[in-house]
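What follows is each chain in one-letter form.
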Amino acid sequence: MEPMTEATPVVEMWNIKKNFAAVQALRGVDLVLHHGEVLGLVGDNAAGKSTLMKVLSGAYIPDGGEILIEGKKAHMTDPLDARRLGIEMVYQDLAIANNLDVTSNVFLGREAVSTQLGIFGVLNNRQMEQEAQRLLDRLKIDIPSVRLLVERLSGGQRQAVAIARTMAFNSKVIIMDEPTAALSVAAISKVLDLVRELKAQGASIIIISHRLEDIYSVSDRLMVMRNGRKVRDSLVAGDIDDFRERVVAYMIGARDDFAREADAVAG
Amino acid sequence: MSFKDVLKTQQHNIRDYGMYIAFVAIVVFFAITTKGLFVSSRNIGNLVNAMSYIAVLAVGMTLVIVIRHIDLSVGYLAGFLGAIAAISLKYWHLPLFATILLVLAIGILAGLFTAFLVAQMKIPAFVATLAGWLGYRGALQLATRSTGTIVISDTTFNALGNGFIPDFPDIGILPGIHKVTLLLGLLAIILFIVGEINNRKKTQAYHFEVLSMNMFILKLVFLSAILACITWVLAGYQGLSWAAVILVIVVLIYYYITTKTIIGRHIYAVGGNPEAAELNGISVKKITFFVFGSMGLLTALSGILYASWLRSATTIAGAGMEFDAIAAAFVGGVAVAGGVGKVTGSILGALVMASLTNGMNLLGWDISIQYIVRALVLAGAVIFDVQTRRGAK
Chain W
12 MEPMTEATPV VEMWNIKKNF AAVQALRGVD LVLHHGEVLG LVGDNAAGKS TLMKVLSGAY
72 IPDGGEILIE GKKAHMTDPL DARRLGIEMV YQDLAIANNL DVTSNVFLGR EAVSTQLGIF
132 GVLNNRQMEQ EAQRLLDRLK IDIPSVRLLV ERLSGGQRQA VAIARTMAFN SKVIIMDEPT
192 AALSVAAISK VLDLVRELKA QGASIIIISH RLEDIYSVSD RLMVMRNGRK VRDSLVAGDI
252 DDFRERVVAY MIGARDDFAR EADAVAG
Chain D
2 MSFKDVLKTQ QHNIRDYGMY IAFVAIVVFF AITTKGLFVS SRNIGNLVNA MSYIAVLAVG
62 MTLVIVIRHI DLSVGYLAGF LGAIAAISLK YWHLPLFATI LLVLAIGILA GLFTAFLVAQ
122 MKIPAFVATL AGWLGYRGAL QLATRSTGTI VISDTTFNAL GNGFIPDFPD IGILPGIHKV
182 TLLLGLLAII LFIVGEINNR KKTQAYHFEV LSMNMFILKL VFLSAILACI TWVLAGYQGL
242 SWAAVILVIV VLIYYYITTK TIIGRHIYAV GGNPEAAELN GISVKKITFF VFGSMGLLTA
302 LSGILYASWL RSATTIAGAG MEFDAIAAAF VGGVAVAGGV GKVTGSILGA LVMASLTNGM
362 NLLGWDISIQ YIVRALVLAG AVIFDVQTRR GAK
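Residue numbers (this note's numbering), protein chains in the order written: chain W, 12 to 278; chain D, 2 to 394.
If you are wondering where the hints come from, they were derived from the structure by calculation, not from laboratory data.
No residue lacks a Cβ here, since even glycine has one placed at the ideal position from N, Cα and C.
Careful: at least some of the hints might be erroneous.
[To be verified] No more than 30 angstroms apart at the CA atoms, straight line, and that leaves these computed lysine-lysine pairs for DSSO-like:
1) W:K210 - W:K83
2) D:K202 - W:K151
3) D:K203 - W:K151
[To be verified] Label pairs and their in silico Cβ distance ranges:
4) D:T204 - W:D92: 31 to 39 angstroms
5) W:Q103 - D:K203: 34 to 42 angstroms
6) W:F31 - D:I250: 46 to 54 angstroms
7) W:R145 - D:Y372: 53 to 61 angstroms
8) D:I191 - W:L128: 24 to 32 angstroms
9) D:N200 - W:R207: 35 to 43 angstroms
10) D:F117 - W:T88: 23 to 31 angstroms
With the sequences and hints as input, model every part of the structure.
This is the structure:
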């Protein structure tokens, strides 16, 4: 069901604009994400979905518009700002160091120390290992040991580590960019289970995917983008075939719920 | 955990074990073929002094290669800095203490300059340090042009590369044995055993798996025995040399930094995936400056040790040292692609290469054969490395 409208959404993005030279990548996009909601974000290549998410995760600074996190105006100039506000991104190319073990990756850039000495701070490896193990257990992720090097894991396990990492620090919003791309069928279903598990534990999630069946199976709401604009925002309902047909119609431009607003802005 | 999983977690150790076994095999081979001369106290003492300046470079080079760079300039930079040390002592009449500080500071600056070229100007490290190789070679020749080889007369300075730590006055017990060395060795063994037991206890307290009791005891006994052997052999000549003491301190510090600290973790993260490191708030630029700065510091130390060992600064000091250091790192298991490699591995690599040279010299092998043997060992070690790593996937 539609979450209560009077509750403050965890993320509000209003009229976000972003240009790259002469290209208008985002032409005034609105996005709302409620607490405990999974929002699917789809669109053809160059529709602007990754750009929008990079704005939300602090990697890009928007040219216009405003972002509110839990009702408070947010100014983010780099990914660390976003992270401090509880926004975590799982990148498509995973942003994981294969030469390090699972624990090191979970805590990368946020290591627990037993002695504060700046960059020479002494790592508290045992505490980190224990917390990493607890995290994997909590999310029901099946990896034999947190001491395994990530290069020894399967693609699905790596994706699980990348996702689990976002949950290690009480994040409010998790953005996943194509979390099921390049995975086996079995691994995809595990990753989707993980998304459901995160949601069950209260995370608010935005998931970008080309695989409409994945979006259909885990999302509460769907947002379609095309040419830097939002063209559809609705609850996920109906059977999968109808869903797919409708979404594709929006993706290719055959339908557009916000055409009049766009014209008004353009006019 | 299934047996297969245990194997998986142990896989990266197999390479290390292979290296230790190869080293032991080399030592045994030379011990037999030289009729014990190779493992004589005097020879081991000389070997350690002769390898120390390469080993110090190899430690720094390990980190440089881990972050996917290379440093070709360290040989002539070490030679140049050795010349600066000699000039400072002989012509500027600076006290030893000030000379060493000055040389170390110039070393750090030189390293930071390399980092500036690499991280800020985005020049590939190979090219930047090739320029350094040429530049420092010229600087060395310039510094020694008017004087030629500068003989260093400061005995304290020369003791760094040749001298031995003092001993108790002879009190009748254990004549001919260096007692301070023996005591230090004993202390090292005790610290090692206590540390391992503590570590095991703490790990168990966190409910993580540890080696089985039998394996644990076997490991303690084996490594303690090796430490005891080394101590006994060194104590049989003039004891621990200052160069060995300096090398041990450098290794301990770098072992600590690379395995226990945040910066160490971040260095390996940058080597494994620079983009990921950056996305996680690790500044690749800062890490690059740190690593090349440390390389510069160690190059200065190496230059001091080398000049001290020769008791002079020569016009060609440092030639080829960069390649010995790089070879030591690769033999020691540092991966060319970056992200992988231990300081202790590189030290072992330096030890393997130095043992080969020393052993073959004792046997009177032709120098050309020596080069070919070392080439085969280098290639063989890296092939072994690549194969075990690939097999692990």
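T88 of chain W and F117 of chain D - C-beta distance against the hinted 23 to 31 angstroms: Distance hint for F117 of chain D, T88 of chain W holds at roughly 25 angstroms.
Cβ separation of N200 of chain D and R207 of chain W, checked against the hinted range 35 to 43 angstroms: holds (40 angstroms)
C-beta pair Q103 of chain W, K203 of chain D: status relative to the range 34 to 42 angstroms that was hinted: holds (39 angstroms)
Proposed proximity, K151 of chain W with K203 of chain D (alpha carbon, max 30 angstroms): holds (26 angstroms)
Pair hint outcome, K210 of chain W versus K83 of chain W [Cα-Cα no greater than 30 angstroms]: Holds, because 23 angstroms separates the two Cα atoms, which is no more than 30 angstroms.
Cβ distance range 53 to 61 angstroms for R145 of chain W and Y372 of chain D, holds or violated: holds (55 angstroms)
Supplied distance hint 46 to 54 angstroms, evaluated on CB atoms of F31 of chain W and I250 of chain D: About 53 angstroms separates the Cβ atoms of F31 of chain W and I250 of chain D, which means 46 to 54 angstroms holds.
I191 of chain D versus L128 of chain W beta-carbon gap, inside 24 to 32 angstroms or not: Taking Cβ atoms as reference, I191 of chain D and L128 of chain W lie about 27 angstroms apart, which means the hint holds.
Pairwise hint evaluation, K151 of chain W against K202 of chain D, where the allowed Cα distance is 30 angstroms at most: Within the cut-off at roughly 28 angstroms; holds.
C-beta pair T204 of chain D, D92 of chain W: status relative to the range 31 to 39 angstroms that was hinted: Holds - the Cβ-Cβ distance for T204 of chain D and D92 of chain W, about 37 angstroms, lies within 31 to 39 angstroms.
The structure fails none of the hints (numbered hints given earlier).
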